[in-house]
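**Student:** The residues making up each chain are set out below.
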Amino acid sequence: MKEEINIGQMIKSSTADVSVADLSRKGFTKVKVLNQDAIRRLIVEAVERTLLARSEEISKREREKVIGESKATFEHLLREKVGEEREKVQRTQGEVEAHRQEIAALKAEIERLRVKAASTETDRVRLAAENESFRRLAETTRSETERVRAEAAQREREAEEESARLKEDLERERGRGDRGEGDAARYRRELDEMRARGEGELARLKRELDEERAKAAQQGSQTMAELLRGLVAEMQAGRGTEAQLAELGKSLEKLHERLARGIPAAGAAVSGGGGVDDPMAHIMAALLKVDEGVALESNITKVTVKESTAKKGVSGSLEKLKAMQKRGGS
Amino acid sequence: MDTYGKVTGPDAPREGVQVDTADRPATAAGQGATTKFELGRGLDVGTANLASAIQDAEGNVTIKLQRNAFIDIEMDDYTRNMLTRLNVQYVVLDNRMIVVGDAAFELANIFNRETRRPMKAGVVSPGEKDALPIERMLLENLLGKPQKEGEVCYFSVPAEPIDSDFNVIYHQGVFEGILKKLGYHAKFLVEGHAVVFSELAEDDFTGIGISCGGGMFNVCVAYKSIPALSFSTSRGGDWIDRNVANVLGIKASRATAIKERGVNLLSPRNREEEAIEIYYRNLIQYALENIKSRFESADGMPSFPTAVDIVCAGGTSMIGGFVEVFQDVFEDIKFPIQVKNIRRAEDPLYSVAKGCLVAALSET
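Residue numbers (my numbering), protein chains in the order written: chain L, 1 to 330; chain D, 331 to 694.
Next up, chain L with everything else stripped away, as it sits in the complex:
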């Protein structure tokens, strides 16, 4: 390619800078200004005119040369242009692909959100059902409360009526009260006799208890555990009659059962202060605890418990097991 002429550079190198003040001092009050584009246009016009004048004189060979160069230039420009367009197409295709992938990702996200929304909807429906259930429960409770209140009011009325009736009865009975005095005196006498008999029995039991305590005191520091160990040793040694041993065995078994049931429950109560050192305290506390027979308030026996009937029973398994046992035992 030919080197292009730099008009601006040429003007700059062919001219000198004169300040406006200098021009003024020299008497110039007006100057004509030519800008760079105007100079470029003048040059192009001059060259075109010269070429036009010379074109009439251009030879065939030069024309063909010019045409050839122009053609080459055109093809070169065409290839450049086509290349640029191809690059543009490829770039556009890449962008389309990126957009396609982006759309697919968005579709997946939409699907995920849709599923989530469905799940949320399920939860919402469930919560709504639960709310409905609670509402019904509250409704039932409210109506039940009303019913109970009404019943209470009814009972209060009935109690008042009953009270009035009893008062009337009492007044009537007072009228004939004297007749009952004889019976009351008899009952009092019988009661006094029973009390006297009871006190005598109590005194006898106290005496027996004192005797037992005295006997226990004579045995010194022997603990109950030692006593039990002694009894067991006695049993193992075979002393005493068989009947006595059997009786003793039963007693020990009962005692063992009571301890097994009672110790854990009593232990918690006794060890509240930080543990119990004496094991006998555990045992005695357990025995006492078992005998307390604490009754708990409950409505458990008043309400029904879910009960089901098996359509087929265990008879087959039972018969088979019994048959096997019989065969195994024979």
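Simulated from the structure, these hints should not be mistaken for lab results.
Each hint should be verified, as a subset may be incorrect.
As the list claims (entries may be wrong) - Simulated crosslink set (DMTMM-like; lysine to aspartate or glutamate; CA at most 20 Å straight-line):
| no. | chain 1 | residue 1 | chain 2 | residue 2 |
| --- | --- | --- | --- | --- |
| 1 | D | Lys581 | L | Glu307 |
| 2 | L | Lys116 | D | Glu602 |
| 3 | D | Lys366 | D | Asp402 |
| 4 | D | Lys664 | D | Glu603 |
| 5 | D | Lys475 | L | Glu130 |
| 6 | D | Lys459 | L | Glu297 |
| 7 | L | Lys116 | D | Asp629 |
| 8 | L | Lys306 | D | Glu436 |
| 9 | D | Lys581 | D | Glu388 |
| 10 | D | Lys670 | D | Asp639 |
| 11 | L | Lys302 | D | Asp432 |
Claimed, not checked - Just the calculated beta-carbon pair ranges, DEER-fashion:
| no. | chain 1 | residue 1 | chain 2 | residue 2 | range |
| --- | --- | --- | --- | --- | --- |
| 12 | D | Glu619 | L | Glu132 | 43 to 49 Å |
| 13 | D | Ile608 | L | Thr309 | 33 to 39 Å |
| 14 | D | Lys459 | L | Arg327 | 33 to 39 Å |
| 15 | D | Arg426 | L | Ala153 | 25 to 31 Å |
| 16 | L | Gly94 | D | Gly579 | 42 to 48 Å |
| 17 | D | Lys511 | L | Ala159 | 20 to 26 Å |
Small disclaimer: the values here were computed from a predicted structure and weren't measured.
The beta-carbon is built from N, C-alpha and C at its ideal position, and this holds for glycine as well.
We have chain L already, so just place chain D on it with the hints.
**Tutor:** The following block gives chain D in isolation, referenced to the frame of chain L:
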């Protein structure tokens, strides 16, 4: 633990059980006034549920079921009256009103609270100070008085655990004491053995019974009704509930309710059900690996001449897809015993109570 009988014998038709869920009013003694019942009771003392079984003269088995849970609420006369009218059981203990059974579970869910549990991991809960009086009342209500002083009542106990350091002696003694106090001749039977009695008659009581409970998995390998090996692993349905509750940020009682409302492990429908499925699979994996390990280390393991059945019972086995997941996990483990079938008990929740009933009736 228990060595019940020493027997051999022929085959017998399988005794399947289907339960009619229709409620029936119960008398205070726990039985119809005019119905004549056989002597002998079965009692499943489970961490999550208590179930009693009794058989009438015609061979029908009656089951009473009670959730082994309670919750305490404020006490006042109004609440007391309302609870009785609404057929809700309560006990007053130390000036607190304690609602027991299924109602406790429902109230816990409504009030977003946890139920209190008399039992934990298969035995009496050491941390629950009100456990014993509550258990006594629940059992009294389930069993009633014996028909005759000294009537035999077999109750279930867990076998010794292989993955925890505790024994069942105290637990066993406590329930023996309660039943004796009620007038029964109390005898115990390990849970897995009870499953063998109720579910493996067709196989001459030979095979593996697993009770998948709330607190534990109880396993019994039996040959001709004799237990060759019994043990337990200390994870069950409660372990699932606790973990699901943790990951979802909800109460364990709520997790139980979700679990019981009809989940299928093969097709979880949401995040909650997915959590349940994950922990179920993990629980089954844990149990099977422990069972395998115990079998491989056992000296007294019988070598069965033919392949045997594994029967799963208990409330934890009732969820949809349980057996399929169990089979799936089982296939990945080289099990030391040849297994023919893995199946669920026909009536999983009542299987242990019925097994105890079979043991009790066989003594009369």
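**Student:** Please flag the earlier hints that this structure goes against, numbers listed from lowest up.
**Tutor:** The structure breaks hints 1, 3, 4, 5, 7, 9, 14 and 17; every other hint is satisfied.
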